[in-house]
Structure formats: structure tokens, C-alpha cells
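As given, the protein sequences belong to chains E and R, one line each in that order.
Residue numbering for the first sequence follows the working numbering, starting at 1 and increasing by one per position.
Residue numbering for the second sequence follows the working numbering, starting at 194 and increasing by one per position.
Among the hints, a few may not be true.
As the list claims (entries may be wrong) - From the structure, some residues in chain R lie toward chain E, with a derived Cβ separation under 7 Å:
hint: 1; residue: Met194
hint: 2; residue: Gln249
hint: 3; residue: Thr256
hint: 4; residue: Leu341
hint: 5; residue: Ala362
No wet-lab data here; the hints were simulated from the structure.
Just so you know, even glycine gets a beta-carbon here, dropped at the ideal spot from N, CA and C.
Number of protein chains: 2
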Amino acid sequence: MIQWKTLSKKVILQGNQFLTVENHTVELPDGRIIPDWPWIITPDFVNIVAITGEEQFLCFRQTKYAIQGTSLAPVGGYMESGENPLEAAKRELLEETGYEADTWTALGSFPVDANRGAGVGHFFLAQGAYRVAEPNSDDLEEQTLLLLSRKELEDAIAASEFKILPWAAGILLALHFLEKGNERSFENSSRLI
Amino acid sequence: MIQWKTLSKKVILQGNQFLTVENHTVELPDGRIIPDWPWIITPDFVNIVAITGEEQFLCFRQTKYAIQGTSLAPVGGYMESGENPLEAAKRELLEETGYEADTWTALGSFPVDANRGAGVGHFFLAQGAYRVAEPNSDDLEEQTLLLLSRKELEDAIAASEFKILPWAAGILLALHFLEKGNERSFENSSRLI
């Protein structure tokens, strides 16, 4: 199959560090030209499903601007300039919870929007997490750290209590890995970091 | 916990039907004001994991502008004006594959971006799918319809072959429902449509 070709790009909205919008002129495989294809540039981010040695999942109960009420959430945040995804994941876990972890597994990296980009989410499982410090988060939202059992986590996913798409995806990636990782290709050497 | 308050909104980019950007002035619970909070308006969309009576999963191999090469994808697309999510899901399944389905289950609706909105994804499982027509899709991308076994689907998820975040999320929601639905709260009357 043939990729679409980007003929030109132009910034049409230079917002703050959280958003830039470009207009792309795109050529389809059959030669047709689309002159007004919006392309969204937002920061890449990490989501971390962290599990203590006692099989407790570190989650937050928090508010977010895009939802009414509160939601459960995994640890996560935007990558900072110069960081790779694993560095960002370790920083966010430490800042937000005061935990470090023994074993890190990459669960995949996914563009958010098939048509317009909108950043890439990098997902990690952190096993053997243990507390080393007080949390030191600069997040603007109120949040409360919770320790959930695996059954509580599965029930929460089933009840849509993780209300934001990347958060639900991160939890489901981790659960799928924990259930299938040992028998299927999830677990290969390139994924264990 | 206290929600953030939207003090004012202003359109700062009126693109085509696929993108509008607003600037929101937001008040935090502690009284601080953020004057430049970008808010992204993109169309809501549906993703459908459709399974035939022979336990085959309907998927596409396709190109998309945001990825290199090809990706596996579930059925899906933007909602049209005046449609509810289930109507959009049934339309997309019929247009893209020529299939209808006996049993529809809502797997959840999730805003894409916790901070900026960027549309809501509505996810469905369609069981007992059967062919009634030729596909009649107006999608711009090349795509090939595939029928995958459950093991092939699980292996594809584990190998990150569903490369876009909502696509991976949709497949994982469906697999979690199929594994846990009968024992846990996924399966309650409000979810079966």
C-alpha cells in the first residue's frame, strides 16, 4: 500500500508549548491533492501502570478539565525536552508518587490520532514498585493516591472508571500483558528494559 | 474535589469541519487564573470490534497519515451530524465491511485528551456479524478486510500491530469484555443495547 505524500506544511496556529497546528498539503496515492489537512502537534506523554511487590496498583483519584467529576488515573504526564520515554516514565512515577520500581516493561507507543497526530503516548508497566520519597508533583489538579488490588482494577476498568482514553488504554495494555505476556509475544527481550 | 471553572472561551482557529481550536480562560480551585488554556474540538468517533458467528474478528490492514507503513485497525470512523454513537457504529460497520450484527454492546465512551478534549471515542462490540452487502466506503485510505482468529488478534495486540491509540484501546476493551464480561460488572443490562 502507498503512503500519502506531504507536499508542504505551514504553521497556522502557534499556541503555547502545549499546542501548535499546521496545515498540510497532502497528495493521495491516486494523485488527488488535499490542500487543507490539519495536523495537531501536542507534547508526547507517558503513562505508567505501577505495581508494588504486594501486587497493589498505584492509581490516582483526580479531577481533569476534560471530564465532569473525578476519574481514576494511572501515573503519567508530558515528556520534557531531551527526555526519552523511559526517563520520563521514571521521573513521573517518582514525582507523582514518591515510588521507584525494579522492573520496567515497555507496553507500546501509539500516535493518538490516526489522521492528525496529536502526540504519541508511551506506555509502561513498572513492577516491584516501592516508596523512596514523598510525592513532589507540580500538577495543577487535585489528586489522591490509591492502592488497588488487581480485582479492584479490573472492576474499575469494566465500569469505565478510568474515563480518559489513554488512561483506559494503559490499564488494559498492562492487564493484557500480565495475563498473556508469559505465553505470547508481548514478552520478548526487546520489551524488557 | 473541585472542578476547574471555565471563565471564557474564544475561537482562535476555525479550521475545516475536522478542527476548531478555542482558547479558554480557566479558574483553578485555589483561585489562580490560567488565561491561555487551549481546547481542541475534533469530531467524535466510533470504533467497532465486530465478530462473526464463526468467531472471526473483522479487521483492516490499512495506511493512515499519522503512521509509517500499514497498521491493523478495527472498523471505525467519525460520527455524522445528528447521529448517536450506536447509529454511527452500525453505519460504519455496514459501509466499511458490508456486515450487520445481531448483538451490540457498548464498551465505553472516552474523551481523547484529559486536558484539551479532542473529541470523544465511543467503543462497541458487535457479535454475530454477517455479510449483507458489498462494502461501500468513502474512506480515502487504501484498506484490505481481514478475518482474524482470537489468537491472531491477541498476538497482534501484543506485537503492537494496532498502531493507533484508539484502535489498540478498542481491541483491548473488547478482549477484556470477552474474558471478564460474564463474571464482572462489564455485563449489565445498561450495556447490552
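Consistency of the hints with the structure:
no., hint, verdict
1, Met194, "5 Å, holds"
2, Gln249, "19 Å, violated"
3, Thr256, "5 Å, holds"
4, Leu341, "14 Å, violated"
5, Ala362, "4 Å, holds"
Comparing the model with each numbered hint stated earlier shows that hints 2, 4 do not hold.
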